[in-house]
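So the protein sequences, as listed, match chains L, B and R.
Mapping the first sequence onto our numbering, position 189 (from 1) lands on 208, and the numbers just tick up by one.
Mapping the second sequence onto our numbering, position 352 (from 1) lands on 356, and the numbers just tick up by one.
Mapping the third sequence onto our numbering, position 128 (from 1) lands on 144, and the numbers just tick up by one.
The reader is advised that the hints may include incorrect statements.
To be verified - If you anchor each label on the Cβ, the simulated ranges turn out as follows:
| id | chain 1 | residue 1 | chain 2 | residue 2 | range |
| --- | --- | --- | --- | --- | --- |
| 1 | L | 166 | R | 186 | 36 to 42 Å |
| 2 | B | 363 | L | 71 | 51 to 57 Å |
| 3 | R | 55 | B | 122 | 47 to 53 Å |
| 4 | R | 89 | L | 189 | 36 to 42 Å |
| 5 | R | 18 | B | 438 | 38 to 44 Å |
Said to hold, decoys possible - Which chain L residues face chain R? A few, computed with CB under 7 Å, are given here:
| id | residue |
| --- | --- |
| 6 | 59 |
| 7 | 61 |
| 8 | 173 |
| 9 | 177 |
| 10 | 181 |
| 11 | 184 |
| 12 | 285 |
| 13 | 293 |
| 14 | 304 |
| 15 | 308 |
| 16 | 311 |
Rather than coming from a laboratory, the hints here were simulated on the basis of the structure.
As the structure is a prediction and not an experimental result, all values here were calculated from the model.
Backbone N, C-alpha and C fix where the C-beta goes; we use that ideal spot for every residue, glycine too.
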Amino acid sequence: MIVANKNKIVKLAENLTADEQTSGRSLWADARTRFMGNKAAITSLVILVLIVLFSFVGPYFAVWTYEQIDWNTMGSAATLGMPSIETGHYFGTDDLGRDLYSRVIQGTQISLMVGIVGATIAVVVGTLYGATSGYIGGRTDQIMMRIVDILMAIPFMFVLILLLVVFGRSIIMLFVGIGLLSWLDMSRIVRGQTLNLKNKEFIEAAQATGVSDYKIIIRHIVPNLLGIVAVYATLLVPGIIIAESFISFLGLGVQEPKTSWGALISEGAGTINYDTEWQLLVPLSFFIVTLFCIYFIGDGLRDALDPKER
Amino acid sequence: MNYLPKSLAVGFVLATFATSSVFAAGTHPVTGEALADDQTFTYSLLDEFTTADPQMVEDVSGSYFVRDLFEGLMNQDGDGKLIPGVATGYTTNDAKDVYTFTLRDNARWSDGNPVTAHDFVYAWRRLADPATASPYSWFADIMALENVGAVMSGESPPEALGIRALDNHTLEVRLTASLPYFAAMTTHASTFPSPQWTVRTFGDGWTKPGNIVGNGAYVLTEHIPNETATRERNTMYWNNEATIIDKVVTLVINDENTDFTRWEAGETDKGAVPSGQYPRLKAEYPDEAISFPRLCTYYMTFNLSPSGPEAFKDVRVRQALSYALDRSVVTDKVLQGGQIQAFTFTPGATAGFEVPAVAFGQMSQDQRNVNAKLLMAAAGYGPDNPLKFEYMYNTSEGHKKIAIAAQQMWKETLGAEATLANQEWKTFLKTRGGQNFDVARGGWCGDYNEASTFLDLMTTPSGYNDGKFSNAEVDELMTSARTMSDATSNYTRVEEIMANEMPIIPVYHYTGVFMLRNNLKGWPFNNVEQNVYSRDLYKVAD
Amino acid sequence: MLNYIIKRIGIAIPTLLILIAVTFYLMHAAPGGPFTSEKPLPPQVLANIEAKYGLDQPIWRQMTTYLWGILTEFDFGPSYKYHSRTVNEIIGQGFPITLKYGFWSFIVAIGVGIPLGAIAAIRKNTWVDYFAVGVSIGAQVLPNFVLAPLLIIVFTLWLGWLPGGGWHGGDWEYLVMPVIALSTSYMASIARITRSSMLEVLNANYIRTARAKGLPTKTIFFRHVFKPSLLPVISYLGPAFVGLITGSVLIDIFFSTGGMGYFFVNAAFNRDYAVMMGITILVGALTILFSLIADLLYAWIDPKIRY
């Protein structure tokens, strides 16, 4: 999933770097106009913002906290725990009588954080690695890219399971693992673009005036890669959220009483046959709606940044 | 200690039935019920069994295979009483350290060879032999066979072990200690015979279908790991005519909800009850949702070792946490499988021991909560100075639910702040065994039906005492109990000490909970060890 | 071309060695061992067992012995948990199962995904397109641990059409649900990739030229659009295959298929070192092989690429 649109992005990046020189700033202005005209993307953006807002504002309307047990409902979720305004369980309760409304909010925060932090790790590592490799070139480039080839051949989900088993489950390990999983493609794409940029006049000018390699990479190469990086990041987030849900299903996700979408969905999926559908449907709706939105935004961004697509 | 030779009589009755079985086709020889045409018993397993090798097996589900594929000296009946197996009976000396078993002469291996005393000698040596490296070789050690220590450490050859065949049908066992219950130990899968010629020929792979030769009522005909295993009637089995179930099929289903769905769809005869679903299923399938007491206790152990938190050195804190745990919530609302609230470590179902009604068990939960608050305050903890600790459990849906409930109870009643930490199984065992915890989950199932299998755990030298509780009086009582003919008073005293000292928080006693098809009869519910023999089961016509 | 293949294989060997070393050390760093149990084994028993399996040796020695066994006898060691079985047998038994339902899932994912994406692209911005896009995103985000139990409830419990699990040598009725559950999200990805790459090709200048020349639509489509549109799909196949293997964990859990996926997860939890190593090596090797095949296919279809 994570690499789904790689080729697309390579092409997009070529267009971007080509345009950068001629049209400069107006590219971004054009892109914004095009993006605003994309109804699906705009609607998705609005919904996504609402979901994020909800995850911050929602707790003020909650009657129960995410870890509190409603002792009366506990053990009778099927008969007493359904969604209801009166009991204060707007989205019903889980099997232990905990409020699903608060738990979904909690899970939303965690899952979005995993998605965003994971994508950030991938983007930062991938960009710096790819830019360095491409810019320095020669033997260094060869070695750095061989390392990527080698890492690509490692079945990462297996290694992630192993990591979580070895070092115990923790959010940090999850970030590290998922970050490791997803920066490789990024670094390849970035390297390719850096090779293009390297021979452009403004880089040569910088080199001639004696700017250090490090500064050239940070000041001149990386900023010119922003467009491609932004698009790629939006495509990474859903993949990472899905990966987290798989890890949660295996019981290696976040520590109770904290939760995530994956954990809530897998609990709910276990009990679908026992008249507690809301335990699955509520977190699943949030999950699916959010991922839909991110996909549409990603597509919208790409279309907006790629004039040829129209 | 209940195992008196007189119970052998039951076995003889069964045996005579078998040899003179002229019962009408299609009815049960004893009950006269009409039998179903298809006598296939299909059950589910949550996880693949480890092996069908009697000397290597270490899990409950594997032991069930071994009981079907092999037969030991003694068997158990539906109530857990001892009945003859390959041995028709045994004699012992007054010191109870020499046992002589007489073997039946009509017992055969599935390849037609007779079952002899030599097969047992071979198997027991194989169990203790360091070259076999059996994870269950310690069973030979607790059987106290002569020279077992030297054999296991490789100092003496396996031949030095205190077992020998006097002739083909007489087996003599010499022990280093007086073990009145020794014969009962021969119902354990590790002591079952193995066919030397087959093991020699096929090596480690001798238990595969096609290779395996057994002396039990069934032979393994198909095995696809993590999917299915089939065992079919062994026509060479000496009591084959009394066997009713023709075929036993095991399906491995890793998910308990799927497991139940497939039972509901009619694919299995015995299936799982997903956690928390028992009451609903009991209402829907009153005769088929089964719950019965097991010899197991679920508890939480305080780390009392030097590395443990200072707070738990104060007995009042331990008592307060134990009192504040509302066990009825755990049994009636979390688990809902008919589990029994626990205030003692030994389950009430244990034979020959009436567990004492300890004081805190007699209080109402409100009283317990009041007392818990007082104890906590007396120990110096309150709203300004809340008790903080970590509760560690191993990853599992059920443990998680109990941990969450306990955390909330401690918080709401005592203001104590417990954080939860779950660890994957092996890591958990390592952490708990290394005393790197504050409070940890524990579960213990009796190895045999006697109180000492539980209470020995609380003695100072016990290797399973992960909380490192140490009490001189308990040690003394348990040591003297070994040589007493009736140790009930000692056990009672130990339970009382534990109720005061509270080294552990007993939570509940397990029940066996599963779905069992209406037409499947003969399940040994009264056998608390749940040693099931497929040959005792039968299916009646609908 | 041949040089390129040799070079790739040359990289594969150090890759596998690194994978083996990392996995080996990680595994032994995990707390507890294969024989850690709730009722701890007496020291003498544990010592006997460790001596038998060579677990008392230093790790580097264990690793070299292990590698030597693979190189000389293709022996991946014994299972510490399933005493009567070797890793070769476990893989020999589980891998064909994973391969079979994996293969069919692959076929279904491609066979449904590409036409779905193509139709959506040709009928861009009609309800057919919206429907196809909606379905494919939905299928992509629906976790298969939700899909699998749902399938069993519907097809086994309610309709009674299909057995709820098992393998039985891979008869079709045992294959249907695993393949649906496994292929859905890949089918969706392939549809999305096909759609976007086809849109791009349809907009390309040479297609406009072909249209202007009045070539029949069919000819244009099959000769000029279809093949180049497949390039991104092909580069997706390598990672998709690895994804299928990872996904097989869930398939084995829910459908009791007896494939390799669950063996791996179980081995990780049981510290069944050799089983874990064996499966990791196999999956690593397959990952390398499949990305090589995907790259070669790519070169074959795209005449611009020369190795």
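Results of checking the hints against the structure:
1. The given range of 36 to 42 Å is respected by residue 166 of chain L and residue 186 of chain R, whose C-beta atoms sit roughly 39 Å from each other.
2. Against the hinted window of 51 to 57 Å, the Cβ-Cβ separation of residue 363 of chain B and residue 71 of chain L comes to about 55 Å, which satisfies the hint.
3. A hinted range of 47 to 53 Å for the beta carbons of residue 55 of chain R and residue 122 of chain B is inconsistent with their spacing of about 31 Å.
4. At about 40 Å, the beta-carbon gap between residue 89 of chain R and residue 189 of chain L stays in the expected band of 36 to 42 Å.
5. At roughly 56 Å, the beta-carbon separation of residue 18 of chain R and residue 438 of chain B lies outside the given 38 to 44 Å, and the hint is violated.
6. Proximity of residue 59 of chain L to chain R is violated relative to the hint, the smallest CB-CB distance being about 9 Å (cut-off 7 Å).
7. A least Cβ separation of about 16 Å between residue 61 of chain L and chain R goes past the 7 Å threshold, and the interface hint is therefore violated.
8. Taking 7 Å as the C-beta contact cut-off toward chain R, the hint placing residue 173 of chain L at the interface holds, the least distance being around 6 Å.
9. Look at residue 177 of chain L: its Cβ gets to within about 6 Å of chain R, closer than 7 Å, so that hint holds up.
10. For residue 181 of chain L, the interface hint holds, the least distance from its beta-carbon to any beta-carbon of chain R being 5 Å, beneath 7 Å.
11. A hinted interface residue such as residue 184 of chain L counts as satisfied when its beta carbon comes closer than 7 Å to some beta carbon of chain R; here the least separation is about 5 Å, so the hint holds.
12. The criterion of a C-beta within 7 Å of any C-beta in chain R is met by residue 285 of chain L, whose closest approach is roughly 6 Å, and the hint holds.
13. Below 7 Å, beta-carbon pairs count as interface contacts, and residue 293 of chain L has none with chain R, the closest being about 11 Å; its hint is therefore violated.
14. The beta carbon of residue 304 of chain L is not positioned within 7 Å of any beta carbon in chain R (closest approach about 11 Å), and the interface hint is therefore violated.
15. Among the interface hints, the one on residue 308 of chain L is violated; its C-beta lies about 9 Å from the nearest C-beta in chain R, farther than the 7 Å criterion.
16. At its closest, the beta carbon of residue 311 of chain L sits 6 Å from a beta carbon of chain R; the interface hint therefore holds under the 7 Å criterion.
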